[in-house]
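As given, the protein sequences belong to chains X and L, one line each in that order. Each residue of the first sequence is one higher than the last, beginning at 7 in this note's numbering. Each residue of the second sequence is one higher than the last, beginning at 0 in this note's numbering.
Since the hints were derived computationally from the structure, they do not count as laboratory data. Please note: incorrect hints may appear among the correct ones.
[Stated by the list, open to error] Quick partial rundown of chain X residues pointing at chain L, CB under 8 Å, derived from the structure:
1) 720
2) 737
3) 742
4) 744
5) 752
6) 760
Beta carbons are placed, not taken as given, at the ideal position from N, Cα and C, and that holds for glycine.
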Amino acid sequence: MKGMSKARRGSCRIAAASALMSLVVGMAATSPASAQEERVTAPAATGVPSGATESRSLLLKEIGAEQPVRLRGTEHQIDFPVAIRNDEIVTKARLKLRYAHSPALIFEWSHLTVLVNNEVVGNVQLKSDTADGGEHTVDIDPRTLVGYSRLGLRAVMHYTKECEDPAHSTLWSVIANESVLELELQRIPLANELALLPEPFFDPRDKRELVLPFVLPAEPTPDELQAAGMVASWFGALAEYRGSKFPAQLGRLPAKGNAVMIATRPRLGTAVDVSKSSGAQVAIADNPADRNGKLLIVTGDDAASLLAAARALTLGTQALSGPSASVREMAEAPLRQAYDAPRWVPTDRVVQIGERVSADQLQVRGQYPPAIRVAWDLPPDLFYWKSKGAKLDVGYRYTPTPGQKSTLDFDVNNQFARAVPLLMVDSPTPMSAEAKKKAGLPEVSKREKYYVPVYKFASDNELKWQYNFEMRKKGECEDVPEDNLRGSIDADSTVDLTSLPHYTYLPDLKLFTDGAFPFSKYADLAQTVAVLPARPSAAEVSTFLNVLGHIGDATGFPATRLRVSDAGSVKAAASDADLLVFGTPASQPLLTEWADHLPVTSGTSGTQLQVIGPVERLRARFEGRDLEGARAHATRMILEAGKGLGSLMSFESPLSRKRTVVVFAAQDEARLMELSDMLDDPERRHFIGGDLTLLNSKKVSYYDLAPQYAVGKLPFFLGIRWWFAKQPLILSIIAIVLSALLALVLYRLMRNLAQSRRGGR
Amino acid sequence: MAEQNLTVRSVAPSGNWDARADSYAGRIGLGNRLMLLVMLVLGVFAGYAVIAAPLPLHWQVLFAVICLLAALLLNRIEGRLVSIGLMALSTLLSARYIYWRLTESMDYSDPRYNWVDITFAFGLIAAELYAFTVLMLGYLQTLWPLQRPPVPMPRDVTTWPTVDVMIPTLNEPVAVLRPTIIAALDMDWPRDRMRVLVLDDGKRDEVASLCHELGAIYVRRPDNRHAKAGNVNHALESSTSEFVAIFDCDHVPTRSFLQVSMGWFLKDRQLSMLQTPHHFFSPDPFERNLGTFKSIPNENELFYGLLQDGNDLWNATFFCGSCAVLRRSALDQIGGVATETVTEDAHTSLRLQRKGWNTAYINLPQAAGRATESLSGHIRQRIRWARGMSQIFRIDNPLFGPGLTLPQRLCYLNSMLYFFFGLPRIVFLTAPLAFLLFDAQIIIASALVFAAYALPHLVHAQMTHSRLQGPYRYSFWAEVYETILCVYIVLPTMLALISPKFGKFNVTAKGTSRDRNYFDRRIALPYIILLTLNVIGFAVGLWDLFTKFGENADSLVLNLLWTCYNIVILSVCTAVAWEQREIRRSVRITAELPARIKLPDGGEMEVRTLDLSEGGVMLRLPRAVNVPLGTRMQVALMPDYQVVWTDADITRSSGEILAMKFAKLTLPQERQLVYAIFGRADAWLHWAERRPPDKVGTAFSKLFSLGLGSAKKAISPSKR
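Isolated chain L (complex conformation):
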């Protein structure tokens, strides 16, 4: 087995500032406990002053400008120290805003305010408090991404433990199962210490024969209770290995998965679960329908790129159901995979941690799969996650109960609280309309004073998030992701809170007909309604602004700007509902890999691939070669690993470019192809290398143009 050279993807380090500041801190005695105590006391009073001292408008503006300038200057310095400092500053300013909001903008004692005003106002303040809580918990969660490196396995193979690789499946096509099973079987691990089991709840004979053909073990249980969790638990009954690796049937592991993951289990006897990222090689509905594949980080990347890494510092990484390894003895202690909720994975790791087990995360993608096919599929999946998290919150609340440390409780809490964004997001999308359409006084304060307090809170949060999350999520995209789901997850989460049995919703898919573009009107209905409301509100507000000659001008302008922002976000959401037809069904990746071809005249040539798929390959030759179309040639992908000649027919030959389509593959050829696409250890590590860093202005203008494009499409739908 070749040694893999893996580089840990990390935030740009800058040893200079961090190290210098650290030694300075040491010299002024910050490590001393007494010093820390004194600092804590002074800090509490100083913090109280910053949070609670009410400044008149012109001085609040001065204060905000100075803080902003300081933050902008500091933001130029790289490194974790400044990141933590900016988080602290953002926390202070947000707390200041919330204090002002609660004490000075909520005086409804004057009898001219009626119940309409008060209802809207309390709705808004509840949403803001939610956002503030999530902001604080988020900072805690991402305070120090651990970036755990893999631990190499010991040289003596006889000490390596036994692993059962389980691939549960229900009704996915066999063509999807094939590469997963092949790649699992080809993982670098002693043959006698690894088994691959396919757990088929679909009870299909073709899957059984597939397993027989490939050399995996086929498992069929008598019933289908508890879906995937029950499936795995059933397989666990007859499994005796020390460890269990679980893969969804479309998550194809690399060869190095086990070698990367298992080392930590030997080093830490208390480790019960190690999670690796879920990487998608195909575009998710946002990327496909908006055309942003690979140019803008996708929705998944924040969680696996940053949040789980941050959780890892606090020993709060949770199980995500796939691409993970679990220690059998730990699983047994909690009675197997949890079955009480629909997000059985998160619940399982919560239970493990209550028993005192550790969890870990390695931020290196070691498997890849397909993203959800359509927007409705995406929404369906998220509803299930939201409902499941709400169920866990209800029946196994991390804030209470034994076994967890405080940071663990808060990290789990944050992950669950996140899914309650439905109502707050709707409130934020409609709050300005309360003023524009109904003239409700939702904030009892002058608009200028409100802006002077709220803008630092928003701007610093945005700046800090851009700095921390930039590589994983561009600015403002979180609003798009949340808005897409907000209407759909309100009921499931609320109902699941009342009783975990409630909240099952079926979002009917329109069918995945991919041969033409179409607008998923049913899914997009909520966005269209909200967008229309906002546009009406904007028009009414504009009318009021120009006909009322400056009365209330500042409130109107503020609400109009807010509405504008909502309109942009909602337009982008509507754009996502334009399902684009998918030309290619099979996997295709862009990769530059070594290959070798046998020329028709007999010679061999070393070439590089341009892209590679299950069906064919496109090559770049060192010199132009003209080959007539349809010629059958032989190509060997990744010859340094193994030379396996594969037959392929030329489909295109122009100069240095050669495209060929594979003929029917034998099993060894298929295995080599799977290795070339999925199995390389560094297959997914350089995914994001060519992406530009996040810039707030650029991100917003991109969203603006996407929204505009959606409007254009709505006005003149073209049939493509």
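Chain X extracted, bound-state conformation:
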């Protein structure tokens, strides 16, 4: 998933809303910041000389080789993407290959070739003593590695001088995916140009996790936090699978690197020289402490214009240009509908595959083509019970092969779902005239409808179609690999999930980890309120921003309608919203106010678990949950952690029913930030779930302690079946009572009818 899959590509520019915005861009004059309290101060310039080089190693595993690279046949090439950030250039590049190959090759005719952007940069001769494993280093001209490049590994292999079978099993080479591309890079400062956004703050060519400090005034107001959250979620959406972290710096600039600065103009401080202007403004400036670093400045005269500037940045990015842009009018985007997050596939209508992926990604060619992959993210609250599954209507085209066992395999999340045999030419078995005619054509096209059972679907899914073109042996010396084979999936193939209702049981932190549910239901977070302490510390703000980044990634949309509030005003603001609560017991009053609702409370008397009443214990036993075991384990975790306990909790909002509160709480600030880091950590995020997740220095584990409540709507008759499916006793009573009532009614009716029949008519 995050950090592992390289499948998501460039689908996430937030462009839709900007068309609806009116935006005036003009040259803006800077104004000297007036001296006021709460300004941002700059650290003493430490000055890293530009031109310093940084070394970076990229394993093949990290750029797409999930498995060791297997090259087969007489000639086979596999490409890997290498992308270099716009603000870096490569000064030195070297590929250290580790490889092995078949010992039965003719070595004077067999070699590996390394290509960059289809230009040969090195050849490796295969030798008999490298069959078990060899190493070779290829120097690569650094000038070829610019922007998006392709590193190609090709093998040419032969095993006999006559009558060679191009699919012979002895024609193989394997290149270890631990092979490493070593680069030395130099930073080059880019121009301060808003049109380059989101570069250099976020460069899609960089596959590493995004770490972007946010600079806010020392005591940020809720509106500043709101703007920061919006921008953080925007960056999180851009970062996608890479993950994002936003360390907050309150009242001071970072010593090095890029940062985002958010404050109302009076509180900006003198450290930054922004063109004098009024109103909402977005600008890029150099980081005074580091010439290679840039600052993205979002500012405005007051709260409203600050938010307008943030909206302009996140929704109207394309309209910005120049080192600074003034925003005259920034109307709010229309309200989002439920479940319309751009990351999610719509479930209220039939969706064509071509809507989610471009047509050229649906075509493959060659004897051993790569898989066709389509990302298919779904809202986490789909109710799969008793559903037949997703209805697929897939059209596919391919060139028939001489092979006998060609198939098209369809997998969902790497689990096999269906295989379709492909037609072939010159089939040894008799084919109908129509099939022969079909097979004789250069292309065959078919369409099929089938159901995929829903247990194969998770929150983020990958649909994968793999064409397997088998080679048929024509005989000695006649076999030639086909390279004109093509296969494709029709862009108008559809997936239909409309029969699935939205209904799920909360609290469930797994849904929060996988899809930021229930906050992501409205992609702009219109029904979410974040509650921070009145004077949040940097760690608390970082946690908040990291979580917003995670939510942005889940929705693919910036949180333009998020509200930030403190504990005192939350009741008024949030009677009908889901809440995100951050803080330590010392700083966040809600942690003590709502102690009765929290699964774990930390007070002066130590940390303790919520008391579970006898009714709840009985119900847990009836439902088969081991409440006692869970509580014992949780108690041990709490004891081991002591003051270093972090807890991620979720429960029904005390302010309104069917609303959820998710709480990030710890006594130690480092642990608090770690809670938000966990959400992106591929190893630890699987251990987040239930209604209580505890983190100590060694491990993280989750527990289902509290009873659950349902959110969403079920169709009426499905609802009847679902509810009664858990009530055998009531069902049997209903059956008996219904029979008795029917008997009473029918008895009278029949007796009356009998009497009239016997009375004669």
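Position chain L relative to chain X; hints supplied.
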């Protein structure tokens, strides 16, 4: 004419519960229309929940156990209210099973299932849907047996209508005709308002002289078109009576037949037909070959004892061709007896009802006849009925067309659908073999889950049927009756559906040689084949169970149990094919009747009969008397009715038992004898009195022992 005291045979009444529950229902307002509407709406949703909510295995078991316990407790209470309640509960549980079956056990989308699996599976589900439909319609049909009492005739005899009693005959022996004609002539009805006509399609002179001798009218028509229906229609042309009573030539009426039947016609001007039961005084092939005469209700009793009575509530009683009275004007309106199908009787009443006429049923046997002689005869008869019903379904479908109310349509439909049991019965007999022998996946569900859903359906249906039908048919015997016929009626019914002209089959009888026991191998061939298949399947399944170490154990056990059950049923069917020799050809009944004998020393003694036949009588004397064999004495049967002295020779005298054989009878003597055997009004009313009530376990063990006996006979056939 003496007044007859007739008690209506009825289901055990229990006024208490029914009346109490009824008044309670009245008090909570169930009679109120609004209340009923609210209840209907709630009931639909509640019913949907019960039918459609899928429970996981352990809870479905809990649910089933609770329902079963409730049903067992309620079953202890007698009365119609609880019967209807149990029917409702059984309906809910069967519907639940069918819903589960259709939604959760038929997922063949996985490509590992091939066409073999799918064909078997769809065959089974079609058979189950058929069984479910017939179950529902059956409950509707028997919801409230009407138990119509006879209406007494008015005192003024001059208001009594005219009746022509018609006895069609083809080639039956004269000896069979004699008692029928005698009894018909002796029926209690004004002489000037009744005629007895014998309609002889066999064109025999001896029948003509018989009629002349007895005083009946002999009718011979020029041709034999349309068999019995044509025969009757021809006689109707020259008949002017207001009513027509029809008797098969071996159905002997009691004296009170007309007095019992005709009253309703005067009370209900729209009544076109009144049917009475066909009672058999001789054992049918099942009873004879299995030795169950009088201890187990015979196959006939369900239809005449319960189903026709149930039909009567819905005004859907249909004509059965004999022991019935028809209104002439109604018959004329439909053009006489229907001739388009081979079951002209059912078709006739269907037509009458389409024209708006009523029909009625009186559940008192007022005539008795012989059952079919042999299994092949029985099968031949049923094939004809099945074919005829299928023809009616095809050409005059009760679901469509004018003139019928919905319950009437459904009752007729049920009677016709019943005869399509051939294929479903074969499917049920072979379904487990599909899994045991071919490993076909006929049900895509775990065997335990299947059992948890199917067992309540089967158990409650069995329990409810035992309660409703107990006096008339013991548990599990329906399967035997159906299995006997299933192979033979498949083709006739299917072909008749395609075109009514098709489907005529001749089951060749082996000849009714009754002097020795023999095994009718040709008739029994299908049962033997099915039985062998099931035994092979059972053996293979057992082998798999023990060699595959518990893989699929639950499916195997389920199918093995099912196969076991099939084996028992098929063994009993094979046993029925062992034709037992019939020692006695003439009628013999067991009855305790008053009689008087003249002792050789001149005195008279009042005695009671033990049994009575056309040939002789066995008497029990109040004190021992020794009479030498061969002595001729005189006996008067039923002296309270009329004293007619008959000569008879002693064949046995031991203590209080005296057996005598009649000498040649004069006509008055013969008439008295016919009265004593057949003509008494209560002749057949106490037939079933000493039978024990149905118990599911007892019925099954009886079948099991019969099946075992058949196996023993097969292994070591003894010549008796």
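Here's how the hints hold up against the structure:
1. Given hint, residue 720 of chain X at the interface with chain L, is violated; its Cβ is 13 Å from that chain's nearest Cβ, farther than 8 Å.
2. At a threshold of 8 Å, the smallest CB-CB gap from residue 737 of chain X to chain L is about 6 Å, leaving the interface hint in force.
3. This hint holds: residue 742 of chain X has a C-beta 5 Å from the nearest C-beta of chain L, less than the 8 Å allowed.
4. Here the hint on residue 744 of chain X is kept, as its CB sits about 5 Å from the closest CB of chain L, short of 8 Å.
5. Contact between residue 752 of chain X and chain L, as hinted, is supported at the beta carbon level, the nearest pair being about 5 Å apart and thus within 8 Å.
6. Taking 8 Å as the C-beta contact cut-off toward chain L, the hint placing residue 760 of chain X at the interface holds, the least distance being around 6 Å.
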